[in-house]
Amino acid sequence: ETGVTQSPTHLIKTRGQQVTLRCSSQSGHNTVSWYQQALGQGPQFIFQYYREEENGRGNFPPRFSGLQFPNYSSELNVNALELDDSALYLCASSSDHGETQYFGPGTRLLVL
Amino acid sequence: EDQVTQSPEALRLQEGESSSLNCSYTVSGLRGLFWYRQDPGKGPEFLFTLYSAGEEKEKERLKATLTKKESFLHITAPKPEDSATYLCAVQAGGSNYKLTFGKGTLLTVNP
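First to last, the protein sequences are chains B and D.
Just so we're aligned: 59 in the numbering used here is position 59 of the first sequence, and the numbers increase by one with no gaps anywhere.
Just so we're aligned: 79 in the numbering used here is position 79 of the second sequence, and the numbers increase by one with no gaps anywhere.
Warning: the hint list may mix true and false statements.
Said to hold, decoys possible - Here are the simulated DSS-like pairs of lysine-lysine, each with C-alpha atoms no more than 30 Å apart in a straight line:
id: 1; chain 1: B; residue 1: Lys13; chain 2: D; residue 2: Lys57
id: 2; chain 1: D; residue 1: Lys103; chain 2: D; residue 2: Lys59
id: 3; chain 1: D; residue 1: Lys42; chain 2: D; residue 2: Lys57
id: 4; chain 1: B; residue 1: Lys13; chain 2: D; residue 2: Lys59
Calculated directly from the structure, the hints in this document are not laboratory data.
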């Protein structure tokens, strides 16, 4: 059974640029959630996708957007990057909405 | 708004010295309480899910318990490899299945 994978592992961008992060969910899972984790903090919920539809969103501005594909993989897009967007971005997959969410290794984003 | 507070922020133990981590929460209708372990620079690793007060779960040297207001993660005779940040999260009932996390407890076990 393949776990959750994310790409890239690390990324450096400059302020104002756009970035796309990718996530492949665990086999058999149809729900993907994205979280942002700043240094020394717990993960903060960005949004969740269930069967290609957004199913809940946290307190993040519209420049954070996402997609889920028919194979249940997902993308997180961030436009107009700000310095405070520097963080570890985590993807988690689960079966049918909720219960246990299994996390990927994360993408470390640095905005200069 | 759902809230999770973990204490202590950091805990340093000697190998074999048992202790407990605390997770206090307020949530509108608890669906589940989750414990994760996170190593530096990596994603959280699932440990336990607890659903109702009085429930207990064990895995190796770890035991998680749940009351109506808090959860404890008991670590018995820890080893250096247990060193990590332990995260607690709650999931509320309803259609939004987000996890609300605490800031975590950084556990260091010295040999």
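Right, here's what the structure says about each hint:
1. A threshold of 30 Å between alpha carbons decides the hint, and for lysine 13 (chain B) with lysine 57 (chain D) the separation of about 43 Å lies outside it, so the pair is violated.
2. A C-alpha spacing of about 23 Å is found between lysine 103 (chain D) and lysine 59 (chain D), which places the hinted pair at or below 30 Å, so the restraint holds.
3. Proximity of lysine 42 (chain D) to lysine 57 (chain D) is assessed by CA-CA distance (about 24 Å); at most 30 Å being required, the pair is judged to hold.
4. Of the supplied pair hints, the one linking lysine 13 (chain B) and lysine 59 (chain D) is violated, its CA atoms being roughly 41 Å apart against a limit of 30 Å.
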